[in-house]
Amino acid sequence: MRISLNWLQELVELKLSHEELAETLTLSGFEVEDIEDRRTWANGVVVGKVLERQPHPNADKLSVCQVDVGGEEILNIVCGAANVRADIYVPVATTGTYLPNIDLKIKPAKLRGVPSQGMICSLKELGLPTDVDGIHIFSQENLPLGSDVRPLLGLDDVILDVTATANRADALSMVGIAREVTALTGGKLSLPEVGEVSINHTGNNFAVRVGDTQACPAYIGTVIEQVKIAPSPQWLQQRLRAAGVRPINNVVDITNYVLLEWGQPLHAFDGDRLKSVGENEKLTVGVRFANSGESLKTLDGQTRTLSTQSLLITANEKPVALAGVMGGEETEVHAGTQRLVLEAALFDSVAIRRSSRSVGLRSEASGRYERGVNRAELEVATRRALSLISELAEGVIVNQEISDTRPDPSTWSHAIALRLDRINQVLGPIDLGQDTGELQEEDVERILTALGCEVTPSGERTWIVSVPPYRYRDLEREIDLIEEIARLYGYDNFCDTLPQKAEAGYLPLDQELIRNLRAFLRAEGLTELIHYSLVKPGEARQVVLSNPLFAEYSALRTDLIAGLIDAFQYNLEQGNGALNGFEIGRIFWREEEGLREADAIAGIIGGDRTVGKWSRNGREQSLTWFEAKGILDSVFRQLNLPVEYQPDRRDPRLHPGRTASLWIRGNSLGVFGQLHPQLRREKGLPESVYVFQLDGDVLLDALDRDETLIPVFHPYSTYPASDRDIAFFAPVKVSVSEIEKVITKAGKGLLESVEVFDEYRGENVPDGQRSLAFRLIYRASDRTLTDAEVEPVHNKVRESLVEKFGVNLRS
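Residues in the sequence shown are numbered consecutively from 10, following our numbering.
Calculated directly from the structure, the hints in this document are not laboratory data. A couple of the hints might just be wrong.
[Stated by the list, open to error] Pairs of lysine to aspartate or glutamate, DMTMM-like flavour, derived with a Cα cap of 20 Å:
id : residue 1 : residue 2
1  : Lys-545   : Glu-561
2  : Lys-638   : Asp-617
3  : Lys-284   : Glu-338
4  : Lys-754   : Glu-798
5  : Lys-197   : Glu-454
6  : Lys-284   : Glu-339
7  : Lys-58    : Glu-82
8  : Lys-291   : Glu-410
9  : Lys-692   : Asp-568
10 : Lys-119   : Asp-69
11 : Lys-742   : Asp-767
12 : Lys-750   : Asp-642
13 : Lys-754   : Glu-764
14 : Lys-24    : Asp-46
15 : Lys-742   : Glu-768
16 : Lys-237   : Glu-341
17 : Lys-813   : Glu-749
18 : Lys-133   : Asp-157
19 : Lys-638   : Asp-660
20 : Lys-116   : Glu-81
21 : Lys-291   : Glu-234
22 : Lys-750   : Glu-761
23 : Lys-742   : Glu-812
24 : Lys-197   : Glu-22
25 : Lys-754   : Glu-812
26 : Lys-237   : Asp-281
27 : Lys-742   : Asp-776
28 : Lys-114   : Asp-46
29 : Lys-805   : Asp-734
30 : Lys-237   : Glu-403
31 : Lys-327   : Asp-221
32 : Lys-754   : Glu-653
33 : Lys-545   : Glu-606
34 : Lys-284   : Glu-326
35 : Lys-70    : Asp-142
36 : Lys-58    : Asp-157
37 : Lys-291   : Asp-281
38 : Lys-327   : Glu-339
39 : Lys-750   : Glu-812
Only a predicted model underlies this, so the values are computations on that prediction, with no experimental measurement involved.
Using the sequences provided together with the hints, build the complete structure.
This is the structure in structure tokens:
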């Protein structure tokens, strides 16, 4: 909110400079985002009178003016404005004046051969908004020549742009800020005197009907006649401009002025237009929620389709305004308005928030209603607006109808118990210079009294504090009062305790390892997924909640694979293709000795992973078991983990012949396999979908080893390798990994690597066996190997395979 210090000084005695006030407000929780010192905008600009105006001899659009600024000589000024003429009072920037808004310093000059000794200014050149294209002409007569123009234009002011926190609805008004400044500085508060207004009560053609008293606890409708619409006086226009509001006419400006002064939104309707919309001489203004399909054209010119969450003001049940948000264009006040209906109401903050969101519209009024308008001063703001309308628009109040369902005013100021010991316990010691101390009873009473609270001692070092009505939403508990005490006493006056020395931050090892695992899985093209831990009940060993929110989510998940399968199916059904993803989360299960939980890592892979299908005529290419296994192997290689695969048939969701259990150093790490064809058909999934789940604790224990965490350099040989192939018939039940172990053990010393490159089953292969071919690479680090050195080792490998597995060698 933009705070004019000239306006603020009328409400509270200011003892601080604007810089000191800005710092005080910021330290107390009201951030001052900007200080706009308008006094610099027209420093050196004075009132002048144009005595004579002649056309420029060398330019059609320029004028040569003789201007009196109260000095010894008349100034000769060349002016390009079309509205300059003789016998007008104008702002004149004399030689040496600097205008910061246009970054111009006035110097003596010659324009088309004619000397010019200053500049006649427009409002734009002085930093003020205006619709006039040309210089500014003062409407006042007989102004003292040479006097400062800043008081006349409202430029003798400083504007503070203050941001209030969401809980301080009272601070969205000048009165609220004045109360805050009083509490902070001890300055005398002088709120505007709002007297009673007289109501003639002529006629009974006006009524108020509120359909939902929870959404609208109070509504005051006032009928005003004989209104004269005209421009507002200069003082009112200047205050609105200082607050960033464009003046429109006296009635609209008064409603905006009261909004800024008291924080109470008001709205003025054209009374005749209301009757025209209502199609009846008897007018009933109502408050209700919109019916589905209704529409309203608001003041911004947009026709808005309303929902059942939109709160409306109606004229004989016809929508005329969005309650608490914006009025309707059809009933707006215009130049010919003679009869007004002034609305002053309290609306529920939740109802206005929903109504505002339902039409995608926010306004100054809705922003205040959403935070909570002061319910105790509705009548004060109404009387203030009515007295100004009577004074500035010559309106005559003829009727007023009120709907009021607010609770008894005695309940608006609730009482809170406050303990001094609790205050000092929460806030800690205060800095007394050479020593420390604690807050005393007189400090607490002084601060709370300054805030407008009534403080009544209720015992030793305890009080009962009655909160003022305008802070009822903010101050509800003892801790709220303690916060206010700290804020006004000054956070900088409390002692701070800093660490003896600063230390660099770091992540625990398990978090660092999990981050690396995430990065490696993402690098393999898997997207991280997150599911709820709550699932449908019905599985074995599930932990079932005794007080679930929904019956469908009343148990804790026992693994991550089920959620990944459902996510894969959902993505296919939505047309998003195959989902390749992973999840890191916690699983829960029940055992005889009690409930257990653990961290798990799971993933799902399927579909065609290749980019572009033009080379295959658009046909999908299913992922093979070995390609899916290679993704997991790549992650294990980056983690430097030696993982073994063993056949596994325990999980009925997985293919019995394409599932493996994972082992690391004799510990069960998890499972990897292809989904069972029956489950795949039930879910409508592609032909090949693979899943894995790893035990998080086993994985982290395996990674938490020096040989895994610390990279070790292995020197490479500069000598060529010698390769040998070996082929044989082996029993199908013997896995390739078992064969590789035997080969590696037998060739230890010279054998660098072993890799299977062929498998064949079919014609000429004995039943129950398969043909396998391996390539063995031999290499020494210090010499080139000879056949005489390689052959004995290679023969040892052959003999070990025959001895261990009974293979039938073919080469």
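Evaluated hints:
{"no.": "1", "hint": "Lys-545 / Glu-561", "result": "holds, 5 Å"}
{"no.": "2", "hint": "Lys-638 / Asp-617", "result": "holds, 15 Å"}
{"no.": "3", "hint": "Lys-284 / Glu-338", "result": "holds, 15 Å"}
{"no.": "4", "hint": "Lys-754 / Glu-798", "result": "holds, 17 Å"}
{"no.": "5", "hint": "Lys-197 / Glu-454", "result": "holds, 18 Å"}
{"no.": "6", "hint": "Lys-284 / Glu-339", "result": "holds, 11 Å"}
{"no.": "7", "hint": "Lys-58 / Glu-82", "result": "holds, 13 Å"}
{"no.": "8", "hint": "Lys-291 / Glu-410", "result": "holds, 14 Å"}
{"no.": "9", "hint": "Lys-692 / Asp-568", "result": "holds, 18 Å"}
{"no.": "10", "hint": "Lys-119 / Asp-69", "result": "holds, 16 Å"}
{"no.": "11", "hint": "Lys-742 / Asp-767", "result": "holds, 17 Å"}
{"no.": "12", "hint": "Lys-750 / Asp-642", "result": "holds, 17 Å"}
{"no.": "13", "hint": "Lys-754 / Glu-764", "result": "holds, 14 Å"}
{"no.": "14", "hint": "Lys-24 / Asp-46", "result": "holds, 18 Å"}
{"no.": "15", "hint": "Lys-742 / Glu-768", "result": "holds, 14 Å"}
{"no.": "16", "hint": "Lys-237 / Glu-341", "result": "holds, 15 Å"}
{"no.": "17", "hint": "Lys-813 / Glu-749", "result": "holds, 12 Å"}
{"no.": "18", "hint": "Lys-133 / Asp-157", "result": "holds, 18 Å"}
{"no.": "19", "hint": "Lys-638 / Asp-660", "result": "holds, 18 Å"}
{"no.": "20", "hint": "Lys-116 / Glu-81", "result": "holds, 19 Å"}
{"no.": "21", "hint": "Lys-291 / Glu-234", "result": "holds, 16 Å"}
{"no.": "22", "hint": "Lys-750 / Glu-761", "result": "holds, 13 Å"}
{"no.": "23", "hint": "Lys-742 / Glu-812", "result": "holds, 16 Å"}
{"no.": "24", "hint": "Lys-197 / Glu-22", "result": "holds, 5 Å"}
{"no.": "25", "hint": "Lys-754 / Glu-812", "result": "holds, 13 Å"}
{"no.": "26", "hint": "Lys-237 / Asp-281", "result": "holds, 14 Å"}
{"no.": "27", "hint": "Lys-742 / Asp-776", "result": "holds, 12 Å"}
{"no.": "28", "hint": "Lys-114 / Asp-46", "result": "holds, 18 Å"}
{"no.": "29", "hint": "Lys-805 / Asp-734", "result": "holds, 14 Å"}
{"no.": "30", "hint": "Lys-237 / Glu-403", "result": "holds, 6 Å"}
{"no.": "31", "hint": "Lys-327 / Asp-221", "result": "holds, 16 Å"}
{"no.": "32", "hint": "Lys-754 / Glu-653", "result": "holds, 16 Å"}
{"no.": "33", "hint": "Lys-545 / Glu-606", "result": "holds, 18 Å"}
{"no.": "34", "hint": "Lys-284 / Glu-326", "result": "holds, 11 Å"}
{"no.": "35", "hint": "Lys-70 / Asp-142", "result": "holds, 14 Å"}
{"no.": "36", "hint": "Lys-58 / Asp-157", "result": "holds, 13 Å"}
{"no.": "37", "hint": "Lys-291 / Asp-281", "result": "holds, 11 Å"}
{"no.": "38", "hint": "Lys-327 / Glu-339", "result": "holds, 11 Å"}
{"no.": "39", "hint": "Lys-750 / Glu-812", "result": "holds, 14 Å"}
The structure agrees with every numbered hint stated previously.
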